[in-house]
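There are 2 protein chains.
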Amino acid sequence: MATAPLPAASQVLDLTAPLPLDCGKDLPGVRIAYETYGTLDAEASNAILICHALTGDQYVASPHPITGKPGWWVRMVGPGLPIDTDRHFVICANVIGSCMGSTGPASPAPDGQPWAMRFPVITIRDMVRGHIALLDALGIARLHAVVGGSMGGMQALSLAANFADRVERALVIASTARHSAQNIAFHEVGRQAIMADPEWRGGDYYAAAGKGPEKGLAVARMAAHITYLSEEGMHEKFGRNLQDRDAKTFGFDADFQVESYLRHQGLSFTDRFDANAYLYITRAMDYFDLAEEHGGRLASAFAGSRTRFCLVSFDTDWLYPTAESRRIAHALNAAGCPVSFMELSAPFGHDSFLLDVPTLDRVVAGFLG
Amino acid sequence: MATAPLPAASQVLDLTAPLPLDCGKDLPGVRIAYETYGTLDAEASNAILICHALTGDQYVASPHPITGKPGWWVRMVGPGLPIDTDRHFVICANVIGSCMGSTGPASPAPDGQPWAMRFPVITIRDMVRGHIALLDALGIARLHAVVGGSMGGMQALSLAANFADRVERALVIASTARHSAQNIAFHEVGRQAIMADPEWRGGDYYAAAGKGPEKGLAVARMAAHITYLSEEGMHEKFGRNLQDRDAKTFGFDADFQVESYLRHQGLSFTDRFDANAYLYITRAMDYFDLAEEHGGRLASAFAGSRTRFCLVSFDTDWLYPTAESRRIAHALNAAGCPVSFMELSAPFGHDSFLLDVPTLDRVVAGFLG
Numbered sequence: 467m468a469t470a471p472l473p474a475a476s477q478v479l480d481l482t483a484p485l486p487l488d489c490g491k492d493l494p495g496v497r498i499a500y501e502t503y504g505t506l507d508a509e510a511s512n513a514i515l516i517c518h519a520l521t522g523d524q525y526v527a528s529p530h531p532i533t534g535k536p537g538w539w540v541r542m543v544g545p546g547l548p549i550d551t552d553r554h555f556v557i558c559a560n561v562i563g564s565c566m567g568s569t570g571p572a573s574p575a576p577d578g579q580p581w582a583m584r585f586p587v588i589t590i591r592d593m594v595r596g597h598i599a600l601l602d603a604l605g606i607a608r609l610h611a612v613v614g615g616s617m618g619g620m621q622a623l624s625l626a627a628n629f630a631d632r633v634e635r636a637l638v639i640a641s642t643a644r645h646s647a648q649n650i651a652f653h654e655v656g657r658q659a660i661m662a663d664p665e666w667r668g669g670d671y672y673a674a675a676g677k678g679p680e681k682g683l684a685v686a687r688m689a690a691h692i693t694y695l696s697e698e699g700m701h702e703k704f705g706r707n708l709q710d711r712d713a714k715t716f717g718f719d720a721d722f723q724v725e726s727y728l729r730h731q732g733l734s735f736t737d738r739f740d741a742n743a744y745l746y747i748t749r750a751m752d753y754f755d756l757a758e759e760h761g762g763r764l765a766s767a768f769a770g771s772r773t774r775f776c777l778v779s780f781d782t783d784w785l786y787p788t789a790e791s792r793r794i795a796h797a798l799n800a801a802g803c804p805v806s807f808m809e810l811s812a813p814f815g816h817d818s819f820l821l822d823v824p825t826l827d828r829v830v831a832g833f834l835g
Numbered sequence: 467m468a469t470a471p472l473p474a475a476s477q478v479l480d481l482t483a484p485l486p487l488d489c490g491k492d493l494p495g496v497r498i499a500y501e502t503y504g505t506l507d508a509e510a511s512n513a514i515l516i517c518h519a520l521t522g523d524q525y526v527a528s529p530h531p532i533t534g535k536p537g538w539w540v541r542m543v544g545p546g547l548p549i550d551t552d553r554h555f556v557i558c559a560n561v562i563g564s565c566m567g568s569t570g571p572a573s574p575a576p577d578g579q580p581w582a583m584r585f586p587v588i589t590i591r592d593m594v595r596g597h598i599a600l601l602d603a604l605g606i607a608r609l610h611a612v613v614g615g616s617m618g619g620m621q622a623l624s625l626a627a628n629f630a631d632r633v634e635r636a637l638v639i640a641s642t643a644r645h646s647a648q649n650i651a652f653h654e655v656g657r658q659a660i661m662a663d664p665e666w667r668g669g670d671y672y673a674a675a676g677k678g679p680e681k682g683l684a685v686a687r688m689a690a691h692i693t694y695l696s697e698e699g700m701h702e703k704f705g706r707n708l709q710d711r712d713a714k715t716f717g718f719d720a721d722f723q724v725e726s727y728l729r730h731q732g733l734s735f736t737d738r739f740d741a742n743a744y745l746y747i748t749r750a751m752d753y754f755d756l757a758e759e760h761g762g763r764l765a766s767a768f769a770g771s772r773t774r775f776c777l778v779s780f781d782t783d784w785l786y787p788t789a790e791s792r793r794i795a796h797a798l799n800a801a802g803c804p805v806s807f808m809e810l811s812a813p814f815g816h817d818s819f820l821l822d823v824p825t826l827d828r829v830v831a832g833f834l835g
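Line by line, the protein sequences are chains U and C.
Just so you know, we're using my numbering here: the first sequence kicks off at 467 and counts up by one.
Just so you know, we're using my numbering here: the second sequence kicks off at 467 and counts up by one.
In isolation and in its complexed conformation, chain U is listed as follows:
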């Protein structure tokens, strides 16, 4: 793996036309911030779009500008890696509704003030409409592949279903075609934690002296983070180990390592993420139901598609368990689409798609060709 940061191009695209949204409104002045890696070939035939997850961003293989940490998928994207930037032109765009440069609730509305809660509620398909506008601007008629894990997988499914002629291959990892009641419930806890924070101020916290609802956002992140790990993984990593002490303190400090870890996850998240963006993106995920968009039958979403699909689930992922991927595989079979589906064994729960799972590397490299 390369030790130097991968050369990346940080760019923004300002759409000239308003973006039509599922809610019926048009979003004006949309900016899309994206990174690219590698070179687009003369036929514009070697492009791979990577879609990021809820709290991800376009920095898939380059350092994060706020945290300074390496890109979130450096183990997968780079020269000679499964998503090979020597051969492919890799694009990763911040989704609309987010907060890393693309238009979201923290962006200025036409009146110059932040949108805040005046921002329209967007959907996964709206995010994909933003991606398509970007592909149009880049002159890419047809992607070699769209790839995504978790919410990125939802975008990959939505792109393949709604813009089938724009993509040859769709790789969907640890994802689902709909948010379940339990998925919605966990997100609702997070939203309520943010909105319960008086610093949220109905979403109008941008001009306030403080940092906004960072306590509520930290609690939301903590609750969500538990769902990204497996019970077994947490047991292996933390067990009941104490944090920097030999005995319980009989107090409310973080006696246990798992408490300390979660608190850190919550607090560090607030340095890099906007609370309103968290509200909007979780809402988009909860609204996602690909079957509902297509007359209630999932197979109808893929009718007539010539896209090749690859679905990957992890045996310890209880957020989007294997049964959800299997459901998609069945629908693709019913629609007559070529699909391969694998459940991989990995101890890390939902987060397995981001971590060291060599079998995933081989599946990705093999499918992308």
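It is possible that part of the hints are untrue.
Copies of the same chain look alike in the list, so a pair counts if it fits in one copy or across any two.
Claimed, not checked - Calculated cross-link-like contacts (lysine to aspartate or glutamate; reagent style EDC-like; alpha-carbon spacing at most 16 Å):
hint	residue 1	residue 2
1	677	737
2	703	822
3	714	488
4	714	755
5	677	809
6	714	697
7	714	550
8	677	712
9	677	665
10	677	758
11	491	602
12	491	758
13	677	509
14	714	758
15	703	827
16	535	737
17	677	822
18	535	710
I should point out that these hints are in silico values taken from the structure, not numbers from a laboratory.
Dock chain C against the given chain U, drawing on the hints supplied.
Chain C in isolation, oriented as in the chain U frame:
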């Protein structure tokens, strides 16, 4: 099942001696509030102690004084029911640390002001010490049985392990001998939600004008409530059904039934429960590790015991899954204790122990004799 409320005796016991605690302190002025049902026989041999769960209370089979709702186990406790009050003297005491009459953080300290966060951190064994003091006062040398689900099961295990000569039978339902990393993590989210609420005021909210940290407490309850239900049960009950509307509103109201349900669970909880009590009781549960108390070997906790055990788990309980009960059963086997262990099939997740599971009724009736 009886339709009229079961005759119950609401009583309090004021301990004359301070209660020694695991933290090393003695708790002065302890009051224990309890309910009894049925009649103690002349030999004081027919007593069954029921231990309640985290947010439960002594109103096991009589209406709750705040909510007016029926007792939390009316389907199990009453004349002719599996815990038969025609034949047994049934006791249920509010645990210390709680807020329904027994001494807890909302109770006055010796200086006349509420304990608040000056209340000592208690353990499950400390709760059991309170129960033992009550049994002493009632003249009950040896229980016919101790029975509990969830945190009630922890108390039953602790009582059987630490006061083996005080109990003939221990019935432990949907419980565990230790809190796992994931269990601790969920509780920590709830505590952080409460402590992030500015109305918490470091625990000193009792004299404040408002109702205390009710928003934080509601979020804590919402997060915990998800863990009490199974994914399948939530899907069956709510799916992606919308609440009183035909289409998504593209807003942040409770569009989905599961959101509306969770918000209601959170809000109604704050009417009946003290936030500081929630902090202290969750801490006691997180600290619970019966093996650790006994040299690191769970079997040692039961060495020499002549108590008969019955363990029940539910196949959809992911909070305290079957593997945790199996672990206890193995330890009891290693200690040479008589134990029966059953995994029951029920769709309700952890909450199955409170709900309509006829096989549980038969197990309880059979074991208690």
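The hints, checked one at a time:
| no. | hint | in the structure |
| --- | --- | --- |
| 1 | 677 to 737 | within (9 Å within a copy, 31 Å between copies) |
| 2 | 703 to 822 | within (15 Å within a copy, 37 Å between copies) |
| 3 | 714 to 488 | between (52 Å within a copy, 11 Å between copies) |
| 4 | 714 to 755 | between (46 Å within a copy, 12 Å between copies) |
| 5 | 677 to 809 | neither (42 Å within a copy, 49 Å between copies) |
| 6 | 714 to 697 | neither (22 Å within a copy, 34 Å between copies) |
| 7 | 714 to 550 | neither (49 Å within a copy, 41 Å between copies) |
| 8 | 677 to 712 | neither (36 Å within a copy, 38 Å between copies) |
| 9 | 677 to 665 | within (8 Å within a copy, 19 Å between copies) |
| 10 | 677 to 758 | neither (38 Å within a copy, 42 Å between copies) |
| 11 | 491 to 602 | neither (21 Å within a copy, 71 Å between copies) |
| 12 | 491 to 758 | neither (20 Å within a copy, 60 Å between copies) |
| 13 | 677 to 509 | neither (47 Å within a copy, 66 Å between copies) |
| 14 | 714 to 758 | between (51 Å within a copy, 12 Å between copies) |
| 15 | 703 to 827 | neither (23 Å within a copy, 39 Å between copies) |
| 16 | 535 to 737 | within (13 Å within a copy, 45 Å between copies) |
| 17 | 677 to 822 | neither (34 Å within a copy, 48 Å between copies) |
| 18 | 535 to 710 | neither (25 Å within a copy, 45 Å between copies) |
When each numbered hint is compared with the structure, violations occur for hints 5, 6, 7, 8, 10, 11, 12, 13, 15, 17, 18.
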